[in-house]
Every structure is written in structure tokens, then in C-alpha cells.
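**Q** If you want the building blocks of each chain, they are given just below.
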Amino acid sequence: MLSNKAWLLKFLIPVGLFAGLSLDSVIRLGTVRPCLPDCMRDPERHDGRRVWAGPRRVEEIRNDGFFQKVDGKIVRIRWSKTQPPVGKHVAVRGIFRKPDILEADDVREEANWHLERYGGVYGISSVVLLGWLWYFLKRFRLGVRGGLFHPRDDAPPGDPPPPATGNV
Amino acid sequence: MADLLTHYVSARIPGGFIADERARTTLALGVFLPDLVGKGLEAIPWMPNHAHAPSHSILGLMCTSLAAAMLFAEDFRFKAFATILFGQLLHVAVDVAKDCQGQGAAYLLLPFALDSFEMGYYTSQHVFWFLPGNILILILLRWTAKRMQKSGLVWR
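So the protein sequences, as listed, match chains A and B. 1 is the number of the first residue of the first sequence in the numbering used here; add one for each residue after it. 1 is the number of the first residue of the second sequence in the numbering used here; add one for each residue after it.
Don't read these hints as lab results, they were simulated from the structure. Backbone N, C-alpha and C fix where the C-beta goes; we use that ideal spot for every residue, glycine too. Misleading hints may appear alongside valid ones.
Said to hold, decoys possible - In silico EDC-like cross-links for lysine to aspartate or glutamate, where the CA-CA straight-line distance does not exceed 16 Å:
(1) A/Lys69 / A/Glu59
(2) A/Lys98 / A/Asp42
(3) B/Lys98 / A/Glu110
(4) B/Lys79 / B/Glu118
(5) A/Lys138 / B/Glu118
(6) A/Lys81 / A/Asp106
(7) A/Lys98 / A/Glu60
(8) A/Lys5 / A/Asp24
(9) A/Lys69 / A/Glu44
(10) A/Lys88 / A/Glu103
(11) A/Lys10 / B/Asp115
(12) A/Lys81 / A/Glu109
(13) A/Lys5 / B/Glu74
(14) A/Lys138 / B/Glu21
(15) A/Lys5 / B/Asp20
(16) A/Lys88 / A/Glu59
(17) A/Lys98 / A/Glu44
(18) B/Lys98 / B/Glu118
Stated by the list, open to error - Non-contacting residues of chain B with respect to chain A, defined by C-beta distances greater than 10 Å in every case (computed):
(19) Pro45
(20) Gly102
(21) Leu108
Taking the hints into account, I'd like the entire structure generated from these sequences.
**A** Next comes the structure, spelled out in C-alpha cells:
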């Protein structure tokens, strides 16, 4: 099954299947689990849908909630409990109401959102990925025929056996 | 998503039982791949919402494992497929342990079911807490591996 015979086809079939899964997700999940920008683009269609909105900056606070910006448009978040401070990033879960209201049932403040996202997740991940790439290129060489990555002949298949101990 | 260091650490423990260094490298590729595919798709401008969802579903993992394995030389391809798939399953297991405010961390059963899963053990805020812990775990594992090699045990 994993031989070189019809190599390109064996590569393209799973790629095509993945593309089909993606398309299916876009269509079906896009209807059942819309994101907030989708709701703002078509409020009539998504009125009453449950939505999770990823961390966004709090622009203004009122007694009954706060405002956030989504693609340049203002969204009113209805939230009766403690209001988050202006300038903080918060993630919100709730029910979307046309034309631009999100009735929140959970608001989570993300402290240091930018530092966490870009420094923590992407920064650390980039360093790890570069380190792994260095190891990978030590163990594999690039080829053209019969696959893109070939194990290097000088790369050991495993660690050397432990030195013999005791009587031989 | 957890950071890739956390995912790497999750692969390091089972990876110690794999004798072939090259297969350990492809196991690490496996734990990185769901985010490389998912975030890669998300980064494409005007890519519709949810297009990346199969990158963390079981059928999607099988597709990406097979496609990635086909890039390797024939004699190493099966090992590449098995380790990449195992790595991807580990990745999704770590992600599913996350708390995503009830919206779910992964659509595991796509396209058969649209349910998403999460266990709520950590949030993305914990990345900074994980960093020293992960480094400590890697140092401990390195030390353990050396001790085990001296005693002739299999873990590396």
C-alpha cells in the first residue's frame, strides 16, 4: 500500500480527502457553529445561534455590558456581572441576537493576551520547530526520486548497544 | 492550542521506547503536524471559518499522516506513517484536555458527527506555567535516559 507504485496518486488521494473534509466542515460547521464575524455579516441568518468569540479588546463599558470591535463593526456584549476593564482582551460565549448583540453567559478575561499568544505559543513553538528541523535534516536528506525525504546512510538506526559488563 | 514544546514533551516519553532515532524524529513531526496544518490553513487570507477543523479530527489525522508518510523514502514509509499518526493522536489528546469555554477543542468525529470535545484541565493562559515544567521534564528525561542506557534498559 505504501510502495512507490502510483506514488503521486497515493499522495493526492489523502490530500483530496482532507480538502473534502475541510469543505464539509466549512459548510456544515459554518451553519451550526458560526463565528462572530459570520454573525455580523448575516445577522438574520444567525439570530439565536450559540457563538464563541475569541479574545478581543474591550472598547467601552456600560452598566449592562461592554463593547468589542469585530471587523471594524461594534458588537454589544450583554453581561450583567462584573465588567472587564477597558483595554483588556476577553473571550465571550453566548447567544447572538440580531443586529449586533451577544447575550453572554460566560466571559473570560485573558491577561496578557498578546504576550501569551505571540510570545508564549508562537515564540516558544517557533524555537522548538527550528530545533526539530535541525535534528530532522541531520537524519534525513532531500531527494527527488522515490520520496522527498531519505534517511541518511550515516544516521544510526538506533543507539549503540550498552557496553558489556561482567564476565564474558 | 498548547505550545509545541508541551506537545514535544508529550511525545518524548513514548518516544524513548523507539530505538530508531529517525522514527523518533518523525514521531515529533506527528505531534507538530496538526497545528502546522491547522494554523497553516488559518493563516491563508480569506480561508473560510472551520476549514482547519479536520486537522484535529481522526479521519483528518489519517489523511495527513498518509500524505506526510508518502513524502518519505519507500523503505522508511511505514515507520513514518505509524509514528506520525501516533504523534498526531498524542497531539489531539493533549489538546482535548484543554478548557475552551465549552466550545470544544477538537471535532474528533468529523465528518460523521459535529460534536466537539474538551476536558477542561488547562487554559491557554497556562502556557507560561508549562514552560519551566516542560524544561524540567526534558532535563529529567535526558538524565533518566542516560541512566537507563548504562543499565541496558530499552528506554532512550
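**Q** All hints are to be evaluated individually against the structure, with a verdict given for each.
**A** Checked hints:
1. A/Lys69 / A/Glu59: holds (7 Å)
2. A/Lys98 / A/Asp42: Holds. A/Lys98 to A/Asp42 sits at ~9 Å (cutoff 16 Å).
3. B/Lys98 / A/Glu110: holds (15 Å)
4. B/Lys79 / B/Glu118: violated (30 Å)
5. A/Lys138 / B/Glu118: violated (37 Å)
6. A/Lys81 / A/Asp106: holds (10 Å)
7. A/Lys98 / A/Glu60: Violated, at roughly 20 Å.
8. A/Lys5 / A/Asp24: violated (30 Å)
9. A/Lys69 / A/Glu44: Outside the cut-off at roughly 19 Å; violated.
10. A/Lys88 / A/Glu103: Outside the cut-off at roughly 19 Å; violated.
11. A/Lys10 / B/Asp115: violated (30 Å)
12. A/Lys81 / A/Glu109: holds (13 Å)
13. A/Lys5 / B/Glu74: holds (10 Å)
14. A/Lys138 / B/Glu21: holds (11 Å)
15. A/Lys5 / B/Asp20: Roughly 26 Å separates the two Cα atoms, so the pair is violated.
16. A/Lys88 / A/Glu59: holds (9 Å)
17. A/Lys98 / A/Glu44: With a Cα-Cα distance of about 6 Å, the restraint between A/Lys98 and A/Glu44 holds, given a limit of 16 Å.
18. B/Lys98 / B/Glu118: holds (6 Å)
19. Pro45: holds (14 Å)
20. Gly102: Given a closest Cβ separation of 6 Å, the condition is violated.
21. Leu108: The assertion about B/Leu108 holds, with a minimum of 12 Å to chain A.
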